[in-house]
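Peer 1: Given the sequences, and given the hints that come with them, work out the whole structure.
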Amino acid sequence: MLVAILLGVAAYFAFPLGKTNLGLDLQGGLAVILEAQDSAKAPRTDEGMTQAVKIIQNRVNKLGVAEPEIQRQGEWKISVQLPGIENTEEALSIIGKTAVLEFYDVAAFGAAYASEAEALAAAGVESAADLPVDTRIVHWSVEGGNVSDQWFVLESAPLLTGSMLTGAQNSFDTFNNPKVDMQFNDEGAQIFSDVTRKMAETAQITGQDQRLAIVLDANVESAPRVQEQIDGGRAEITGKFTVDDAKSLALVLQTGSLPVELKAVSQNAVGATLGKAALNQALIAGAVGLLLIMVFMIAYYRLLGLVASVALIIYGVLFLGILNGIGVTMTLPGIAGMILTLGMAVDANVLIFARMRDEVAAGKSVVSATGAGFRKAFRAVFDCNMTTILTAIVLFWAASGGIRGFALTLGVGVALSMFTAVLVTRSMLMLLSLWKPFRNRKLLGLHVPSAKVMPPLEKGGRS
Amino acid sequence: MTVYHFMRYKWWFLGSLSAVTIFAFVFVFVVGLDLGIDFKGGVRMEISLEQAVSVDDVRSIVTDLGVQEPVVQSVTGAGGANSFMITAEEMSEEQTKAVMAGLDSAYGVTEGSTGVETVGGSFSQETTNRAFIAIAIAVVAIVAYMSFRFEFKFAIPAIIALIHDVGLTLGIYAASNRLVTTATVAAILTILGYSVHDTIIIFDRMRENTLLIKKETYGDMVDLSIRQTMVRSINTTIAILLPLVAILIFGGPTLKDFALALTIGTVTGTYSSFFVAAPMVVIWKEREPRYRKRIAAAAAAAGSIAVDVSADDTGEKKAAKAPSGPASVSGSGAKPSGVSRKPKKGKSSKRPPGKAGKRTSR
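Sequence order for the protein chains is B and V.
Here the working numbering is used: the first residue of the first sequence is 1, the next is one more, and so on.
Here the working numbering is used: the first residue of the second sequence is 464, the next is one more, and so on.
Any given hint could turn out to be false.
Cβ pair distances, simulated, as ranges [unchecked claim]:
1) E557(V) - W397(B): 33 to 39 Å
2) D46(B) - R593(V): 20 to 26 Å
3) A569(V) - Q208(B): 54 to 60 Å
Hints were generated in silico from the structure; no laboratory data involved.
For every residue, glycine included, the Cβ atom is placed at its ideal position computed from N, Cα and C.
Peer 2: Rendered as C-alpha cells:
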C-alpha cells in the first residue's frame, strides 16, 4: 500500500520525462570554469568573487541564454554553464572580459618601447603580475602610415576608470563607424570635466595637441584630441572595432568591469547534435542493460526473478521521481551511474534469493524460508551497499562537474535500491505467498536437486 | 555440494596473483599511464565527419596544422562510425579552429556534432591531486567500515584484494595505452566500493560460520564459506556486468570509458575475493592460538607426522594447506583434487573427519 502511494507520487514527478533537466553534455552548450588570478594590481578578494558572480550573471542574462547556471566553485573559481550556446567564442569573450576601462593623459606616457619585454625590463620587473600597484604597461598600435606597436610604462593612477560609468551603448559615428557611447556618474562627470578643461588649457598655452588615451584592458583603443572642456559626463570610444565588438564592449561596460581578473581554466563546448546522440546512446544502453538483467533474473530465479524485475522497474520509477523531484540535472556520467545501479539493485535480490535457496534446501517451507532469507541476507546486503555509498560520498566530495552527477546518482541509487530490493520485494513476496503456485519451488526457482541438498550449515544443527 | 579446497592452495593463489599485480604495477610505472587532458591539461575534441575517413587521414590533417603529438581515436559519436576523438596536450584556439575548418573542407563536419573540451594546466594539477586524495580517503573509509563491521584482520585483506583489482585495471590501461580520464578515476573509485561486495559476501558467511565451527580448521571453514557463496557472488557479478556490457556496446565514448574500467574491476573484484582476500584472512587467522591448536589437532587426528606444527609459522601454513579428509563438512561428494585421503577418524558426520597430514614437512 505504502509502495503504491510512493509509486504514484514518484510517477507524478518522473513523468513527463521532458521535465528532466538535461546537462550540457546531453543538450549541447558551453561550460566554463573561470579562475580568479591573483596579482598585486588586482588582488583577488572574497567580495570581488561574489561581485564577479553577479556581474557574470548580469552579462549572461543580457546575452539571452535560457537557464544559465553561474555558481561559485570553491574559493577562487566560478562555474558558468550556458545551455544551447552555439557561438562559444563570443560567449566566452563576453563572460570573461575584464574590461578595465581607464583614461590617461597621453602626456604621462613617457618613453615608448618596441616590445612588452622591453617595457617590463624598463619597469624593472619580470612579468606583468609583479608590477607595483598603479604601474601598468599599455599597448598602443599607433597608426601612421604603417601600423607600429608600442608599449608604454605608466606610473600614475588613471584619471578616470570604468567604475564611474552609469551606462554604455553602441552606436555609429558620422562616418558610420561603430562606436560606444558612455555616460559617467556625477563624480566621473566632474572629474572628466576638470580633466578636459585642464588639457584644453594646456593645449592653448603650448599650442600642442593634448590627447586623452582611452585604455581598455591595457590596450589604447583611441586617443582623441581634447580641444575644449567637456561637461555633462559623456564620452565615446571610437576605434577599430566591428559592430559586434562595439556591442559586446558596450554590454561589458554596462554590466561593470569585473573586480577580479578571471581566466578560463577549463571549458567544454558540446554541439547540440553531439549531446543528443550521447543521450540516445545512453538511453539505449540503459534500456538494453535493464532488459538483460531482467532476462537473467527470470531465467535463473523464475518467479522470484520476475518479482525482482518488477521491483527493479519500481526502483527505476522511484529513482527518476526522486531525481526529478529534487531537480537534479542529468548528465552523461549521471546516467552511467543510474545504469550501474540497475545492476547493483538486483544484487541485493540475488543475495536474498540465494539465502532463500539455502533455507529451502535446509528443509524449510517456502514461506518461512522467505522470512529467514531476508533476515539473514540483510546484513551482507547492508554492508555491501554501505561501502559503495561511502565511496560515492567520497567521490561526490572530491569531484567536480559531471563526475559529481555520477557520484550522486550512484549514492542515491544504491541507498534507494536497498529499500526497493529489500522492502518492496519482501512485501510483494508476502502478498504472493497467499497464492498457491507460490509454493511451487520449481516455479520459484528454489528447486534444489535433492541429491545436492546442502543446507548452509548442516552442522549448524548444533547452534 | 562439492567443496573446493581452495585454501590448501592459498599460497599458490596468493603467489601467482601477487605476481600478476606486481606485473601490472610494473606496467603502470614503466610503460606509464597515458594521462588524459584532465590531468595534464590540453584539448580534447570530438567531431563527426560526413565522409568515411581513416584515423590516419584525420591525424595527418591535425599534424599538418602544427599540433604536436595528437591522439586520434575513432569513436561512436553523433555521426555514427565516422566520429573521431582528437586529444592533444597543446592545441591553441586558432589551431582548434583550423583543425575544424580543415576537416570540414576535406570531409565535411556534421553540423552541431563537435565538442571541444579545454583544460588548463593548473586546473588539471588540482584534478590530479583531488583524485589521489579521494582514492586515499575511500581506502581509509573502507578499512574503517570493514574493521567496524567485521574486524581489522578482515579489513586489510579486503584492501589488498582491492589493490589487486585496481592495479590490474590500471595495468591493463597502461598496457593498452588507453587514456586515463576523470571518468576512469571515477570508475576506479567505484571499483573500490563495489569490488568489496563479493569480499563482504564471503566474509559475512565466514563471520557466521565462525560461530558454528568447533573443530574444523579455519581454512576448511573458509572453503565451505566460499563454496556456499560462490554462486551468488558470480550471479551478482553477472547482474552488474550485464548493464556494463550494454554500455560497452551501445554507449558513447565517455560512457564506454566508465564501463571498461568498471568491467575489468568487477571481474577482478570477484575472483580476488576468493583468491586474495579469503586466503589472506586464513593465513592471518591461523596464527591465532585457537586456530593453531585446531590445525595441530587436525593433523594429529590424521595420525600424520605433523610434529612440528607449532614450531614455526611456515609449518602451520603448510599444515593448513594440507588436504583434509573427504567431504569435510557436507559429508557428500568427492573432492575434485586427487589429494591423499586418510581414513576417517572423526566421530560424526557433522564434523569434518580428520585432517590429512602434511605431505611435505620440509
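Peer 1: It remains to establish, for every hint, whether it holds in the given structure.
Peer 2: Consistency of the hints with the structure:
no.: 1; hint: E557(V) - W397(B): 33 to 39 Å; verdict: holds, 38 Å
no.: 2; hint: D46(B) - R593(V): 20 to 26 Å; verdict: holds, 22 Å
no.: 3; hint: A569(V) - Q208(B): 54 to 60 Å; verdict: holds, 57 Å
In summary, the structure agrees with every hint in the numbered list given earlier.
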